[in-house]
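Read top to bottom, the protein sequences are chains A and B. For what it's worth, my numbering labels the leading residue of the first sequence as 1, then goes sequentially. For what it's worth, my numbering labels the leading residue of the second sequence as 1, then goes sequentially.
It is possible that part of the hints are untrue.
What the hints assert, rightly or not - One side of the interface only, derived from the structure: several residues of chain A facing chain B at Cβ under 7 angstroms:
| id | residue |
| --- | --- |
| 1 | Y31 |
| 2 | D38 |
| 3 | P45 |
| 4 | V63 |
| 5 | K64 |
Calculated from the structure, these hints are not laboratory results. For every residue, glycine included, the Cβ atom is placed at its ideal position computed from N, Cα and C.
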Amino acid sequence: MNIPKNLQYTKSHEWVKFEGETAAEIGLTDYAQHELGDLVFVNLPEAEDTVTAGETFSDVESVKAVSDVYSPVTGTVEEVNSELLDAPEKINEDPYEAWLVKVKDITAKEELLSSDEYEKFVEEEKAGQKEQ
Amino acid sequence: MCRKTPLYETHVRSGGKMVPFAGWTLPVQYETGVVREHMAVREKCGIFDVSHMGEILLKGEDAVENLNRILTNDYTTMDVGRARYSPVCNENGGCVDDLIVYKEAENLYFIVVNAANKDKDFAWIKGHIEGNVTCEDISDETAQIALQGPEAERILKKIASDAAIPAKYYHAVFNTQAGGIACMISRTGYTGEDGFELYCKSPDAPALWDKLMKAGEEFGLIPCGLGARDTLRLEAAMPLYGHEMDDTVTPLEAGLGFAVKMGKENFIGQHKMISAPERMRIGLKVTGRGIVREKEELKLPGQDTAIGFTTSGTFAPYLKYPIAMALVKKDSVKPGDIVMADVRGREVECEVVPIPFYKRKK
């Protein structure tokens, strides 16, 4: 389970890479892509759309199901990774390279986890699943 | 509470991602993932645990008469070792299930039913049989393994004699062996590829699975889960009970008229199918952006009233585009027409296409 130390994480399994205080890249974690399985479709917002911390801004589809992606920050979409529209499997292949959106003018953010905190969170999730 | 098939430990050891399905715990996929498993079946071979399905034995002099009265297909003329598909209808013509009947011997029929409907089907059959016939639920003692793909026969030939292997589709060999393990071998499947379904005693399933895996290794055989099972059957436009038909859909509406013999004297639901069906099953290729799934409303472009709804849908890994099947008003559309699907509030354009979406090369 890959959890790069230089990123921050949400409990809904997105990663955030800040560039200064008001800009960031957002993507899905290795744990998320593994749980989702082969991704076959990605729905992305458009440049200049607003995103709000804690709310969905995108969804991804595996063969079996659709999953919402939540924004860790409030801001404006600067750029979307249009490569993913034709090649959603890049998220599976390289989740930390396959950013979904770049956000600018960030005014708020969700409670974010450090890589250690996220690792612990994922361990607890996995343990919880095994009990089922 | 989920039941385990005899192959549970095998799946866990192989890295299967276990999920609940119809009251059973089964792998939806392995580490390979749905897409690779699907492609393995189309290009080489895949092996599936289908032990959760139900098996019922029908025995007695009046077996054929009962089959003909309870099922829609005709079982009057059938050689030993043949298999024949049929829907089962209720008094309203709606489907109770769809199943396959094998003639194991004179007055002895081996019936395979959907896992989700096993108890319902057994009670239905038991409640409707008359005369000199008995039915027995042998599901718990019976395991089933499916071997599907262009390499299936080559793999099976490594552990079974030519006499044990049915030569033609919808034929079976009873009381035979594969890898020294007693089994019935059927040339049937739910993938649209050539392949086999092997039925053995539950305790023998792990050994039979291992023998097949070993024999198939050089041909690229991999274990496949429920996810691939669904995408494969959908590409082949094979109906799934609970989707393309249920107790409110007649087999004629579901496009299963080939298995409904209206000329029979009498069968349950027959009188409800005398008039032409009001709905029909169609295939859709998604031409817009999005994946169309089940229970999504369909409308003609620019119109407000729905013509029907989708019954199954997914991204087709071999065809590489999203496909769906739907139940719509009869004659409301024909292949080539455009319909709009409501996908979570967004309109996605689809083209009506003939089914099956995929047909294997002979």
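For the hint on V63 of chain A, just tell me whether its beta-carbon gets within less than 7 angstroms of chain B. Hint on V63 of chain A: holds, closest Cβ of chain B at ~4 angstroms, below 7 angstroms.
Does the CB of Y31 of chain A sit less than 7 angstroms away from some CB of chain B? At about 14 angstroms, which exceeds the 7 angstroms cut-off, the nearest Cβ of chain B leaves the hint on Y31 of chain A violated.
With a cut-off of 7 angstroms on the beta carbons, see whether P45 of chain A makes it to chain B. violated (13 angstroms)
Status of the K64 of chain A interface restraint (C-beta, 7 angstroms, chain B): Hint on K64 of chain A: holds, closest Cβ of chain B at ~6 angstroms, below 7 angstroms.
So, D38 of chain A near chain B? Judge it on the closest CB pair being under 7 angstroms. holds (4 angstroms)
Violated hints, listed in ascending order, are 1 and 3; each of the other numbered hints is respected by the structure.
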